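*Asks:* Each chain, written out:
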Amino acid sequence: MKAHRWLALLPAIGMLAGVPFANRVEPYVLGLPFLLFWIVVWVLATSAVMGIVYVLDHAARRDDGPGSAPARSGTGMAHADHPARGEPAA
Amino acid sequence: MSSALGIIVGTLAIALFLGVRARRGRTMSLEQWSVGGRGFGTIFVFLLMAGEIYTTFTFLGGSGWAYGKGAPAFYILGYCAIAYIISYFLLPVVWRYAKEHDLVSQADFFVSKYESEPLGILVSLVSVVAMIPYLVLQLEGLGIIVSETSYGTISSSTAIWMSSIALVVYVVISGVHGSAWTAVLKDIMILVVAVALGAYLPIHHYGGFQQMFEAIDQARPGFLTLPATGMSPSWFVSTVILTALGFYMWPHTFGSAYTARDENVFRKNAVVMPLYQLVLLFVLFTGFAAILAVPGLEGKQADLALLKVSKATFAPWAVGTIGAAGVLTALVPGSMLLVSAATILAKNVYGKLAPSASDRTIARLAKALVPFITLVSVFFALRGGETLVMLLLMGYNFVTQLFPALVLSLGRTPFATRQGAFAGILAGEATVAWLTIGGATMTTLFPSWPAVVRDLNVGVVALVVNVVVLGVVTLATRPRTRAALEAVPTAES
Numbered sequence: 003m004k005a006h007r008w009l010a011l012l013p014a015i016g017m018l019a020g021v022p023f024a025n026r027v028e029p030y031v032l033g034l035p036f037l038l039f040w041i042v043v044w045v046l047a048t049s050a051v052m053g054i055v056y057v058l059d060h061a062a063r064r065d066d067g068p069g070s071a072p073a074r075s076g077t078g079m080a081h082a083d084h085p086a087r088g089e090p091a092a
Numbered sequence: 002m003s004s005a006l007g008i009i010v011g012t013l014a015i016a017l018f019l020g021v022r023a024r025r026g027r028t029m030s031l032e033q034w035s036v037g038g039r040g041f042g043t044i045f046v047f048l049l050m051a052g053e054i055y056t057t058f059t060f061l062g063g064s065g066w067a068y069g070k071g072a073p074a075f076y077i078l079g080y081c082a083i084a085y086i087i088s089y090f091l092l093p094v095v096w097r098y099a100k101e102h103d104l105v106s107q108a109d110f111f112v113s114k115y116e117s118e119p120l121g122i123l124v125s126l127v128s129v130v131a132m133i134p135y136l137v138l139q140l141e142g143l144g145i146i147v148s149e150t151s152y153g154t155i156s157s158s159t160a161i162w163m164s165s166i167a168l169v170v171y172v173v174i175s176g177v178h179g180s181a182w183t184a185v186l187k188d189i190m191i192l193v194v195a196v197a198l199g200a201y202l203p204i205h206h207y208g209g210f211q212q213m214f215e216a217i218d219q220a221r222p223g224f225l226t227l228p229a230t231g232m233s234p235s236w237f238v239s240t241v242i243l244t245a246l247g248f249y250m251w252p253h254t255f256g257s258a259y260t261a262r263d264e265n266v267f268r269k270n271a272v273v274m275p276l277y278q279l280v281l282l283f284v285l286f287t288g289f290a291a292i293l294a295v296p297g298l299e300g301k302q303a304d305l306a307l308l309k310v311s312k313a314t315f316a317p318w319a320v321g322t323i324g325a326a327g328v329l330t331a332l333v334p335g336s337m338l339l340v341s342a343a344t345i346l347a348k349n350v351y352g353k354l355a356p357s358a359s360d361r362t363i364a365r366l367a368k369a370l371v372p373f374i375t376l377v378s379v380f381f382a383l384r385g386g387e388t389l390v391m392l393l394l395m396g397y398n399f400v401t402q403l404f405p406a407l408v409l410s411l412g413r414t415p416f417a418t419r420q421g422a423f424a425g426i427l428a429g430e431a432t433v434a435w436l437t438i439g440g441a442t443m444t445t446l447f448p449s450w451p452a453v454v455r456d457l458n459v460g461v462v463a464l465v466v467n468v469v470v471l472g473v474v475t476l477a478t479r480p481r482t483r484a485a486l487e488a489v490p491t492a493e494s
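Residue numbers (this note's numbering), protein chains in the order written: chain X, 3 to 92; chain E, 2 to 494.
Chain X extracted, bound-state conformation (with noise of 0.2 Å):
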């Protein structure tokens, strides 16, 4: 397990573990009451958490020499390639 990996937990405890202290209505952040301010910020930092450990991810594999670099996709935009509902026949 490569350490920067650990970083992917931060946004979970985060938002579960904060959510006893979080649960107030006030101060209003943004309009939005702070409970919800709350997991709205972490759904966010998800996201950038998930961004830097997948940069840190390839500057390891990088590292690791030119013979393991993953093949990169063509396109910028991420997607789950396909979801297959039920199976093809063999």
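None of these hints come from the bench; they were simulated from the model. All of these numbers come straight from a predicted model, not from anything done at the bench. All C-beta atoms in this analysis are idealised placements derived from N, C-alpha and C, irrespective of residue type, glycine included. One or more of the hints may lead you astray.
[Unchecked claim] Derived DSBU-like pairs: lysine-lysine, alpha-carbon spacing no greater than 30 Å straight-line: (1) X/K4 with E/K100; (2) E/K269 with X/K4; (3) E/K312 with E/K301.
[Stated by the list, open to error] Facing chain X, a subset of chain E residues (Cβ under 8 Å, in silico): (4) Y85; (5) F210; (6) L276.
[Claimed, not checked] Quick look at which bits of chain X chain E covers, simulated, 3 or more residues with Cβ under 8 Å: (7) 21-27; (8) 41-50; (9) 55-64.
Following the hints, position chain E against chain X.
*Replies:* Chain E in isolation, oriented as in the chain X frame:
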């Protein structure tokens, strides 16, 4: 017919037309029918996936829970984010293994890892059972939309029958091709409608977002925070974790791990998807806006909140457009679930039990199963009783039971034995069924325990039973060689 209903029927006709058109000029083998011959382009696939995220559950159920329960509905925002974190590490490992071994279904993964066909059949049956509440939810949603937008001329049960027939016709005629084309239409409509409603209603009825929340807080103190007991922080955290674990255990989401071009796709997804699902926030806003605008919807009625507030605010044609978007959010996932369930039963259950069956027989059986599965769902939809969110949580409790056996199999040799995995899943599912049918909660099970424990999502009990049985049976059936014990796998990717 009201103009609202007219728009909905028109949309349904367009969806059917797109489905039929998509089918023309192709011979429909089982593969064509269920995964579109794997020929869909990238953008299409992206839209399809969006189609799976935005179901009736988010549209009516999410707003209904915000209306009826308040803060506990925030869990919907939380669990997706956590599920994407898990996917970053889980899916690439699954992808690599599936690619090496040419796997095509979720059950195949278990069969291959544990070298056990019976385990594959069990996993298939579990996933079909879990899909039923999910399907029931789509039908109930359709029923609500049609009966509400008919302005009282069509009863909810008639609407459920009509919608089910439409769904079956749609699926049998077009298979997943219909889903793909309709998903394009649906995706655009739902995004526009959800964002427009969520942004407009709070301003129209309250003058702004903060004003809305302040008015709600004043009228119903404590509604915007988690209560001290019941759906407390302890419930919230356990529910978010359980549903996040189950997120990729559905056969249709698990299947997405097989067909990606490369494993990086999943990692990029984990970065982008949490942002994408923030659109759910607007659905919650709509539910909150309805609280004081259309008060008095009790219990299951809360699922009507979005449509009631729309009817109280907009002209019938606009309500019709909103309803049409809602119909599509039920039709697209509904058709996918139906195709998945039918294919799994035909191929992974019947096909394994009767290995001599030809592909043609299996394809015919899959089609024949569609109306049958729909009828079962209609039966539950008409019995009613649960809110949409409760139905989804039930389905999640079923699929989440697959998680321990899956994760423990990710290493080179599975940590659990096949008997352990089988017994663990079976025990977990039996517990879920028992808890669901008996209506048990943590409070009835552990009345004298502290509130922190009593408020936990009852699915935790099933997961604990699952893991304990898995562990005990694994220890009892594990080969007694030192080498096997030392080959303890890690989930390192």
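*Asks:* Residue count check for the stretch 21-27 of chain X against chain E: does it reach three with CB-CB under 8 Å?
*Replies:* With 5 residues close enough to chain E, the hint holds.
*Asks:* Is the hinted pair E/K312 and E/K301 satisfied, with a Cα-Cα distance of at most 30 Å?
*Replies:* holds (18 Å)
*Asks:* Count the residues of the stretch 41-50 of chain X whose CB lies closer than 8 Å to any CB of chain E, then report whether that count reaches three.
*Replies:* holds (count 7)
*Asks:* Should the hint that E/Y85 touches chain X count as held when the rule is a Cβ pair under 8 Å?
*Replies:* Holds - the Cβ of E/Y85 comes within 8 Å of chain X, reaching about 7 Å at its closest.
*Asks:* Does E/K100 lie within 30 Å of X/K4 when you go C-alpha to C-alpha?
*Replies:* holds (24 Å)
*Asks:* Verify the proposed pairing of E/K269 with X/K4, using a straight-line Cα cut of 30 Å.
*Replies:* Cα-Cα ~18 Å, so holds.
*Asks:* Given E/F210 as an interface hint, is the shortest Cβ-Cβ distance to chain X below 8 Å?
*Replies:* Holds: closest Cβ of chain X sits about 3 Å from E/F210, inside 8 Å.
*Asks:* Could you check if E/L276 really has its C-beta closer than 8 Å to a C-beta on chain X?
*Replies:* Constraint on E/L276 satisfied, holds at 5 Å.
*Asks:* Tell me if chain E covers the stretch 55-64 of chain X under the three-residue, 8 Å CB rule, please?
*Replies:* holds (count 3)
The structure meets every hint from the earlier list without exception.
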